Amino acid sequence: MQKNNIEAKTVIQVSNLYKDYQTAAGPFPVLKDVNLRIENGDYVAIMGPSGSGKSTFMNILGCLDKPTKGKYVLDGHAVATMEENAVAGVRNKTIGFVFQGFNLLARSSLLDNVALPLVYSGIEKPERHKRAKVLLEKVGLGKHINSRPNQISGGQQQRVAIARALVNNPRLILADEPTGNLDSVTSEEIMALFGELNQEGITIVLVTHETDIAEHAKRQVRFLDGKIVQDTLTNSHSLNEVL
Amino acid sequence: MFSAMLGEAWHAMGANRLRTFLTMLGMVIGVGAVVLMMAIGQGAEASVKRSISAMGSNLFVVLSGPPNVAGARSATGNAPSLNVKDANAIAELDGVAGVAPVTMGKAQIVFGSNNWNTDILGTTPSYLDVRSWYLSSGYAFADSDIRSATRVALIGKTVAQNIFGDDIDPLGKTIRIKQSPFVVLGVLDSKGQSLDGRDQDDTIIVPLTTAQRKLFGNQLPGSVRQIIVQAESDKAMAMTEEGINGLLNQRHNIREGADSDFSVRNLTAIANSAAETTRTMSLLLGAIASVSLLVGGIGIMNIMLVSVTERTREIGIRMAIGARQRDILMQFLLEAIVISIVGCLIGIGIGVGGAVLVSIFTKTEVIVSTNSVLIAFSVAASIGVFFGFYPARKAAKLNPIEALRYQ
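Protein sequences, first through last, are from chains A and B. Going by our numbering, the first residue of the first sequence is number 58, and it counts up by one from there. Going by our numbering, the first residue of the second sequence is number 694, and it counts up by one from there.
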């Protein structure tokens, strides 16, 4: 894994990125020449109507999919050219995922759910549980570590998912419609939690189609027809932070 | 990492207990059948082998008859066509290690208030050598007893049991055979059942001449019912058989092409074919049992495939948070292996238990060898790996995006 010191301040560097889907009628372009740079500590909301390519872009950012053409450097790793096992390692250590549907393991306790990424980092059980406990306390669920996901509310489940995303101290949190399944009050709570995490220095990339959710981010990037058509700072944040 | 995965496998099995149990049942039945069948087969083989070695090795029996009196044939062994001189002549042949002429009959024996009816065997001291039969106590009669036709007897375990019981030492006691007093010189070692299930210990051995003159009488002096011949080695058997035929034909003045008044039977060949039969039987039993093991393996594969489909989303989540393909592969493979090994252990328990029950209720010999258990275990573990691998690989090859989207 090569690391480039010059890019250490840059978490995400996407240049001339293309993605085609193979269909029966031939290749169908989803992303066309996308360029994006996200600095350390940034908080970006990616917006756009469905079919605009934002989910595909998110999958590529999350190393779940590979671009057809172009360069994607994540925290110094040229992900597009890495082999599968190394990419799994990047997903494990560099990225924390938060999904719309929470995606917790229903059969496992909250503690085991949060500790799961550490299993794949080869960390021993006592340490796994210690770290998972600290994070569950941080998201306000320290009393429920032995509960199952179906015993707590949706908002609480999303907090558990956020704790899981944080457990391996990632540089980047990727959240795909994290409030899509939550009511407005709970959504606000979750967004407040993201805000806190960003304050602590974690870079956050958020996909949403709700403008009021996107308002929480410092920067809003809008996709349309596979291209970035808008890249602006949110009004409440000062222009200097990005420039 | 490994222990964490083992824990996961256990957890996953516990999540759907009935299904896990049913899947395991295929394995349990397969392994149980293999262990039980092998135990029965090996038991049969062992008891046949013991019968063979009890009979003595490389043996022929020369039977008198069948007599042909004016065209009417009677049973083999009834004609007085063999005698002690024939036996002595056979002893001179090349390749012959020992010869024992035998005459026999049934008689009532009495000791005190007990009586018993048993086979009386009149023979020479070499009989015990030829049959590899030893005494558990006392001593055998000698050639001098043959010459003077003394009333002495060696008694089998069953006879001793029935007329003396447990408390009386038979040695030196006088029993009555057909009203004549005989002194018990020795007690024969137990031989157990013969190949045809006869109790070989239910017998009394007396000197040949005593039997001929004092117990059964004789149409012709010196005639015997059969002559037991031991060849020096397995290789010498064919030569010895030919030698006996030639010699006796000559001694009995049988013309070439005419019917002999004796027959030579190769006991070892009979025993070997019996051994061969049991070996084939146990092989067949094992093969049939293996089929159920195979079916159990297919059951595991079937359920693992269902499980992979059911847990597609879980696989996607695991991949997203950093599981490598081989982690997923190991997880599902381990699950299949744990199912088959736990099933196998239960199966071994049931197989062994079944073998014990069979031996208790049917009184047949069963042998559960460490080998058969080890074989069953390793086969079951390999089946887990073999039939678990395809579903596990299918899980590992899933596309994480599609897996995450799976409902």
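Certain hints may be false.
[What the hints assert, rightly or not] If you want the footprint, here are the derived chain B segments under chain A, 3+ residues with CB under 8 Å:
{"#": "1", "region": "1000-1013"}
{"#": "2", "region": "1017-1030"}
{"#": "3", "region": "1091-1098"}
To be clear, the hints were calculated from the coordinates, so they are not data collected in a lab. Every value quoted in this text rests on a predicted model; they were computed, and no experiment measured them. Note that beta-carbon positions come from the ideal geometry of N, C-alpha and C, so glycine has one too.
Hint-by-hint comparison with the structure:
| no. | hint | result |
| --- | --- | --- |
| 1 | 1000-1013 | holds (count 7) |
| 2 | 1017-1030 | holds (count 4) |
| 3 | 1091-1098 | holds (count 3) |
Of the numbered hints stated above, none is contradicted by the structure.
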